[in-house]
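**Student:** Use the sequences and the hints to build the structure in full.
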Amino acid sequence: MMRIFSPAKINLFLHITGVRTDGYHDLQSVFRALDFGDYLEIEPTDGDQLVTLLGADYLTSSLDDNLIVKAAHALAKIHPERTTPITITLDKHIPTGAGLGGGSSNCAATLIALNELWQLGLSTKELIDVGASLGADVPFFIFAHAHRSDAIATGIGEILSSITLPSRAYLLLMPDAHLATAHFFKHAKLSKDSPLMDGLESKQAGFERSLIAPFHNCFEAIAAEDSPSVKDALDYLHSLPSQSTPRMTGTGSAVFLPLSTEDLDHATRWQQGAPCRAIICHSLHDTQG
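Numbering (UniProt numbering), first residue to last: 1 to 289.
Fair warning: there could be bad hints in the mix.
[Said to hold, decoys possible] Pair ranges (Cβ atoms, derived):
(1) Ala182 - Glu262: 38 to 44 Å
(2) Ala221 - Gln49: 42 to 48 Å
(3) Lys231 - Lys125: 38 to 44 Å
(4) Glu81 - Val19: 39 to 45 Å
(5) Ser202 - Glu41: 40 to 46 Å
(6) Glu201 - Leu50: 39 to 45 Å
(7) Pro195 - Asp46: 53 to 59 Å
(8) Thr124 - Phe185: 26 to 32 Å
It is worth saying that the hints were derived from the structure and are not from the lab.
Source: prediction; values computed, not measured.
Glycine included, each C-beta is placed from N, C-alpha and C at the ideal position.
**Tutor:** As structure tokens, this is what we get:
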């Protein structure tokens with residue numbers, strides 16, 4: 001049996017930099033993997049069905065729509081002669097519709113694990129290409145696993161480069177709200193023309209712990225307006241006596257506060273006082289120690 005960790009991610013900022021002719025949106029963001037996430041257990045099985053997925057019945061109306069199943073079938077199309085039936089058991093902790101990339105992370109973990117289990121020999125780039133066809137955030141998780149690093153993302157999220165960030169703890173709040181990404185991309189108030197910035201490695205003071213203009217999450221104000229629980233969670237984090245800047249990840253609904261060394265003395269109390277599910281988690285890849 002193979003057991004693989006499937007991490008959540010946060011966006012330290014998220015800008016839409018343009019709309020492409022194919023209708024997709026170009027973005028710029030810094031993605032960070034967390035030590036909080038799901039687990040997948042994969043083992044060979046008997047039978048005619050390629051994938052038996054356990055633990056995910058409540059996630060989609062049809063298991064065929066699940067990204068884990070789609071990932072397995074995408075690899076099977078490339079090397080059908082090497083695939084064998086498998087059972088995948090999902091131990092789910094990342095909420096859906098939270099902007100934490102749970103489904104994309106599960107998809108990436110499946111691609112990584114089956115590439116090894118089925119001995120397909122696909123390169124990181126080849127896995128990223130497969131992942132990009134399944135979901136915009138999938139390439140990041142493959143990249144992060146391969147390079148043990150966080151990433152600057154551009155394009156639709158598939159153009160990735162490593163970024164060195166300091167180790168950081170986060171207070172992560174997860175309101176009970178499932179926000180639909182497609183709705184926000186069509187929202188009349190969404191800013192779609194943020195300028196593309198270079199030299200992000202040297203501009204971390206603007207987005208790593210604090211969030212200083214022009215850095216922002218272009219979806220945050222819209223989500224807070226549409227979802228009272230997101231607004232309540234953000235308001236709670238803003239009420240805390242921290243010098244860090246609270247913000248939303250992805251298109252929501254999860255929000256987070258980067259914790260300074262001084263904040264850590266109060267973090268447990270802040271977690272206990274939160275208006276929704278809250279955890280203290282840490283960056284997964286501590287490239288600056």
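**Student:** Kindly confirm whether 53 to 59 Å is satisfied by the beta carbon distance between Pro195 and Asp46.
**Tutor:** At 56 Å between Cβs, range holds.
**Student:** Holds or violated: the 38 to 44 Å window for the beta-carbon distance between Ala182 and Glu262?
**Tutor:** 40 Å, holds
**Student:** For the pair Lys231 and Lys125, does the Cβ-Cβ distance stay inside 38 to 44 Å?
**Tutor:** 41 Å, holds
**Student:** Given the hint of 40 to 46 Å, check if Ser202 and Glu41 actually sit that far apart at their C-beta atoms.
**Tutor:** 42 Å, holds
**Student:** Between Ala221 and Gln49, does the C-beta distance stay in 42 to 48 Å?
**Tutor:** Once the Cβ atoms are compared, 46 Å apart, the range 42 to 48 Å for Gln49 and Ala221 holds.
**Student:** Using the C-beta atoms of Thr124 and Phe185, is the stated range 26 to 32 Å upheld?
**Tutor:** 28 Å, holds
**Student:** With respect to the beta-carbon atoms only, verify the hint that Glu81 and Val19 lie 39 to 45 Å apart.
**Tutor:** 41 Å, holds
**Student:** For the range 39 to 45 Å, tell me whether the beta carbons of Glu201 and Leu50 fit it or not.
**Tutor:** 42 Å, holds
The structure shown violates none of the earlier numbered hints.
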